[in-house]
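Sequences listed follow chains F and B, in order. Those letters in the first sequence? Residues 1 to 190, per my numbering, in order. Those letters in the second sequence? Residues 1 to 377, per my numbering, in order.
Watch out, some of these pointers could steer you wrong.
So, partial list: chain F residues that the calculated Cβ filter (under 10 Å) puts toward chain B [to be verified]:
(1) L32
(2) A37
(3) I38
(4) D43
(5) R140
(6) T141
(7) E156
(8) L164
(9) L170
(10) S171
(11) V174
(12) R178
(13) E185
Computed beta-carbon distance windows for the label pairs [what the hints assert, rightly or not]:
(14) S112(F) to D226(B): 39 to 45 Å
(15) Q201(B) to I168(F): 32 to 38 Å
(16) K66(F) to S218(B): 20 to 26 Å
(17) K33(B) to R114(F): 55 to 61 Å
(18) S131(F) to K216(B): 22 to 28 Å
(19) K66(F) to N205(B): 18 to 24 Å
(20) Q201(B) to S6(F): 42 to 48 Å
(21) K222(B) to Q142(F): 20 to 26 Å
(22) S5(F) to A202(B): 48 to 54 Å
No farther apart than 30 Å at their CA atoms in a straight line, the calculated lysine-lysine pairs in the DSSO-like style are these [to be verified]:
(23) K106(F) to K233(B)
(24) K134(F) to K237(B)
(25) K33(B) to K145(F)
(26) K216(B) to K134(F)
(27) K139(F) to K219(B)
(28) K33(B) to K152(F)
(29) K233(B) to K139(F)
In case anyone wonders, no lab produced these hints; they're calculated from the structure. A virtual CB, placed ideally from N, CA and C, is assigned to each residue, including glycine.
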Amino acid sequence: MSPPSSLKQEFLKKWIEGLQRCSSSKNNMSILERKKAIKLSADVAMASARNGTTCWSRALIANVSKDGSDEKYLVEQILGPESERITMKKVSTGASMVCNKRIRSKKILKKSTRRIRRTRKCAPHAALATSIAKRLVRKRTQVLKSLIPGGKFMNEVSLIEETLDYIISLSAQVDVMRSLASVSELVNHN
Amino acid sequence: MAFMLHGFHSQLESCISNGINMTVLDRQQARLKWLQQQNHVVQNDNPVGFCASSGPQFHGLVGGSLGSGQIVELKNPEVYLGSDDFHKFVNFSVAVPEFGATKIDSKPPETAADYCVSRTSSCQMEGEDVVLEKMESATGKESFNKRKAEVVAEDKCKDKRIKGEVAGESIEVSRSSSKEKSKASEVQKPDYIHVRARRGQATDNHSLAERARREKISKKMKCLQDLVPGCDKITGKAGMLDEIINYVQSLQRQVEFLSMKLAALSPSVEFNAHNLPMKEFPAYVANFPAAAAAAKSPAIANLASFLRLNPLQKEAVNCMLNSTMNPPQTATEGIASASVSVQEQALITSCITQPQPVSAWNTDPQGLYNVYNMGFH
Numbered sequence: 001m002s003p004p005s006s007l008k009q010e011f012l013k014k015w016i017e018g019l020q021r022c023s024s025s026k027n028n029m030s031i032l033e034r035k036k037a038i039k040l041s042a043d044v045a046m047a048s049a050r051n052g053t054t055c056w057s058r059a060l061i062a063n064v065s066k067d068g069s070d071e072k073y074l075v076e077q078i079l080g081p082e083s084e085r086i087t088m089k090k091v092s093t094g095a096s097m098v099c100n101k102r103i104r105s106k107k108i109l110k111k112s113t114r115r116i117r118r119t120r121k122c123a124p125h126a127a128l129a130t131s132i133a134k135r136l137v138r139k140r141t142q143v144l145k146s147l148i149p150g151g152k153f154m155n156e157v158s159l160i161e162e163t164l165d166y167i168i169s170l171s172a173q174v175d176v177m178r179s180l181a182s183v184s185e186l187v188n189h190n
Numbered sequence: 001m002a003f004m005l006h007g008f009h010s011q012l013e014s015c016i017s018n019g020i021n022m023t024v025l026d027r028q029q030a031r032l033k034w035l036q037q038q039n040h041v042v043q044n045d046n047p048v049g050f051c052a053s054s055g056p057q058f059h060g061l062v063g064g065s066l067g068s069g070q071i072v073e074l075k076n077p078e079v080y081l082g083s084d085d086f087h088k089f090v091n092f093s094v095a096v097p098e099f100g101a102t103k104i105d106s107k108p109p110e111t112a113a114d115y116c117v118s119r120t121s122s123c124q125m126e127g128e129d130v131v132l133e134k135m136e137s138a139t140g141k142e143s144f145n146k147r148k149a150e151v152v153a154e155d156k157c158k159d160k161r162i163k164g165e166v167a168g169e170s171i172e173v174s175r176s177s178s179k180e181k182s183k184a185s186e187v188q189k190p191d192y193i194h195v196r197a198r199r200g201q202a203t204d205n206h207s208l209a210e211r212a213r214r215e216k217i218s219k220k221m222k223c224l225q226d227l228v229p230g231c232d233k234i235t236g237k238a239g240m241l242d243e244i245i246n247y248v249q250s251l252q253r254q255v256e257f258l259s260m261k262l263a264a265l266s267p268s269v270e271f272n273a274h275n276l277p278m279k280e281f282p283a284y285v286a287n288f289p290a291a292a293a294a295a296k297s298p299a300i301a302n303l304a305s306f307l308r309l310n311p312l313q314k315e316a317v318n319c320m321l322n323s324t325m326n327p328p329q330t331a332t333e334g335i336a337s338a339s340v341s342v343q344e345q346a347l348i349t350s351c352i353t354q355p356q357p358v359s360a361w362n363t364d365p366q367g368l369y370n371v372y373n374m375g376f377h
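Chain B extracted, bound-state conformation:
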């Protein structure tokens, strides 16, 4: 008992150096004391031994549970996974005498886990191997490689953590305590950003803040991945940035080209649009060949819905778009640049040949405004 407390003190000191919230330890201590009160089985020296040697905070807790709760009988496997009652661990009686003593030094985590499994199987627990494996798979590889040192307020999470620790503790035992990996985490408060410190990573404020910043950046990169076409398969910042750059450049080039096109079109458009009464428009449209199977590309659908054209107009626009324009659906640089260069040249030559009325520009906005009205009325 005294040895147990001594273990706690050493833990306390190590935890103070880690800057961990003391209330957690208080809770652990209370829990352990309650455990000890419940169970009068004498603790093995072994679990206590490595309790003192290694520094992690939950160690005493689980060491206590291991010491007291060496498993012989499991009533039902769900105890491991879903139970909130910690005292069920207490019901397990001591079976394996020499847990841990031989396993302290430098065992790889897998064999420790195997030992864990074999230990339980040696106790002839049928369901338990499955349960333990389930637990391993549930906690995943990370419980073996990373130590979940998160401070949690709710009981459920606590119990899950404790169960994780039962598997994790075997690893703790196996690793030599000379490897002083400091683990810490931020206290769970509503305002704080939750950052999980992994094994072997520094825990001072700078690196934590940097890690939070990096996670923010990667989250936003994922949003960009949805936006930029063709980025699903690219992983990694550099490739993503490359695609983003290409896409932005192609969009900017498209704006340039389209403004050039509008500038070229505007005089003749306005000249006609100005004379064109609105009700004659469907007649003009009807002259178009009946657009049979116009490709319903998303751009055309967007355009039609955006301008709220009636069906006749829609067909006309479809024809128009299919025959003349080739809207670049993908944002690949090559296509955009090719279309730009070809069509720009065509535009420029057509502009030179066309006669341009002097006062056309005055009527331009008026004509555009007409078009705008046509779209929205």
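The following block holds chain F by itself, in its conformation from the complex:
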């Protein structure tokens, strides 16, 4: 399933606008700063192309516009009037802080029960295999949660949905950037 071209076009449009606004702020940047700005504007464009419908997009924008980060200014520049609408959804991230505490307490509880369980006798082979499989799956879910923006606060079902959407968006982003890079190279070599 390749990403739809409508998504790509929207992403490109927003990205270009963001880059324009981004560049007007600073005059002279090193290459790393440029790369950072490009990537940032690309990510923000990607997230805003979703119009706040998916959790990862909101979390991405919220992460970038965290209070006290220097990128917040850039984001506000890029998003313009939209930033207010999406930061309104920051209310959900307030709830996410409560979720964070809940998750932490759950982890403490889990650790304590895990230690208790280890003292039990070894289960028969079938149960052992399933417990190993479950442990593997749990570990990998943790890794996936760390990869997807805002994944820590999702349950398993929504995590998989968000992963699906995130993969589609990322591949659209990669396609657009790659095509742009190739065209720039083409023009460059002339």
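Following the hints, position chain B against chain F.
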């Protein structure tokens, strides 16, 4: 007759404990009563006997049918499979005297099924073995191992179920009733999620909800399987998650690399693009060696269609892509990381050597915008 009703009462009680919708039982009772009215053959004690002993809900129904409808003559085999008329079962007259009595205790389902088949064959039904086997294969292994205890509203499904039960009942008979496996299912309403409770699985709300949740997750994992390349052969959650993680990581790395590349390219690009009028572009492109057999990879086709380049431009882009870039088609980690590292180093060295105009960044977006316009006009 009274014994029959007593069997029903015991069933009722067991069904109440299972929390099953009473209307189904009412329907069963009505049906059975109608059956009994139709058929005046005396019921065997045997089918009634195990009717009382085991608890399943359809038992009385089928027990009645078995008692009354022991098969001698089948008009046509389709009666089993497609018929909606239950009363055709009624036409079968009693042939086998001792069905079930000897078979109640602890017979494995296969032999019970065999018995079923042999019973029918003993009645000299030619088509029937085939029919019964067809039925077995149609209902599949699961009718032997799992009890279809679904409550269905439509008649067709009911009849199918009943036919399934004829084969399934023999198993019921064979299994000892001491194994109290509770079977239940949710009532079929339009809003509810249909969950089939299998044999030996708990039926309280928590486990049903959990099973529904698990099925949702596995459905979504299947969607992901289509999306992530190279996941067709992997079964199991852990392997799939591993592939998904690798793919997401490689995509993120590609974004990083490409943004770096664009950052490196942008000053010189913009410097040139700014001076470059649009109509001279085909001339520049014509200088490229005539791209003979450019590999029509899907990425290039996508790029060309996406940017809506004209044929000359397409050829140029093809050349470009074949010679310089090696777009990673697969999402394997090794390839992506290798390409990233190699090309990143090349980029960085080239950036250091290139002179970078101070005001270049100002013109960057303008140049990019030109490129964008070129693509869309």
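Going through the hints against the structure:
Of the supplied interface hints, the one on L32(F) holds, with its beta-carbon coming within about 8 Å of a beta-carbon of chain B, less than 10 Å. The interface hint given for A37(F) is met, as the beta carbon of that residue sits about 8 Å from the closest beta carbon of chain B, less than 10 Å. The criterion of a C-beta within 10 Å of any C-beta in chain B is met by I38(F), whose closest approach is roughly 4 Å, and the hint holds. A least Cβ separation of about 8 Å between D43(F) and chain B falls short of the 10 Å threshold, and the interface hint therefore holds.
At its closest, the beta carbon of R140(F) sits 4 Å from a beta carbon of chain B; the interface hint therefore holds under the 10 Å criterion. Taken as an interface hint, T141(F) checks out: its beta carbon lies about 7 Å from the nearest beta carbon of chain B, inside 10 Å. Because the smallest distance between the Cβ of E156(F) and any Cβ of chain B comes to about 6 Å, under 10 Å, the interface hint for this residue holds. Look at L164(F): its Cβ gets to within about 6 Å of chain B, closer than 10 Å, so that hint holds up.
A hinted interface residue such as L170(F) counts as satisfied when its beta carbon comes closer than 10 Å to some beta carbon of chain B; here the least separation is about 4 Å, so the hint holds. Checking S171(F) against chain B by beta carbon gives a least distance of about 6 Å; that is within 10 Å, so the hint holds. For the restraint placing V174(F) at the interface with chain B, the shortest Cβ-Cβ distance is roughly 5 Å, inside the 10 Å limit, so the hint holds. Given hint, R178(F) at the interface with chain B, holds; its Cβ is 6 Å from that chain's nearest Cβ, closer than 10 Å.
Because the smallest distance between the Cβ of E185(F) and any Cβ of chain B comes to about 6 Å, under 10 Å, the interface hint for this residue holds. Between S112(F) and D226(B) the beta carbon distance is about 41 Å. The supplied range of 39 to 45 Å therefore holds. Against the hinted window of 32 to 38 Å, the Cβ-Cβ separation of Q201(B) and I168(F) comes to about 36 Å, which satisfies the hint. Checked against the hint of 20 to 26 Å, the pair K66(F) and S218(B) fails, with Cβ atoms roughly 36 Å apart.
Restraint check, K33(B) to R114(F): a C-beta distance of roughly 59 Å satisfies the suggested window 55 to 61 Å. Checked against the hint of 22 to 28 Å, the C-beta distance between S131(F) and K216(B) comes to roughly 23 Å, which is consistent with it. Range check, K66(F) to N205(B): Cβ separation about 41 Å, and the 18 to 24 Å hint is violated. Evaluation of the 42 to 48 Å hint for Q201(B) and S6(F) yields a pass: the beta carbon distance comes to about 45 Å.
With their beta carbons about 22 Å apart, K222(B) and Q142(F) fall inside the hinted range of 20 to 26 Å. A beta carbon spacing of about 49 Å between S5(F) and A202(B) agrees with the range 48 to 54 Å that was offered as a hint. Between the alpha carbons of K106(F) and K233(B) the distance comes to roughly 35 Å, so the proposed pair goes past 30 Å and is violated. Pair hint K134(F) plus K237(B) holds up; C-alpha atoms about 9 Å apart against a cutoff of 30 Å.
Under the criterion of a C-alpha separation no larger than 30 Å, the hint pairing K33(B) with K145(F) is inconsistent with the structure, at around 60 Å. In summary, the hint linking K216(B) to K134(F) is supported, as the alpha carbons are separated by about 18 Å, within the 30 Å threshold. Distance hint between K139(F) and K219(B) is fulfilled; the C-alpha atoms sit about 21 Å from each other, no more than 30 Å. Annotation: proposed proximity of K33(B) to K152(F) is violated, straight-line Cα distance about 60 Å (limit 30 Å).
For the given pair, K233(B) sits about 22 Å from K139(F) by alpha-carbon distance, which is consistent with the 30 Å threshold.
This entry does not satisfy hints 16, 19, 23, 25, 28, going by the numbered hints stated previously.
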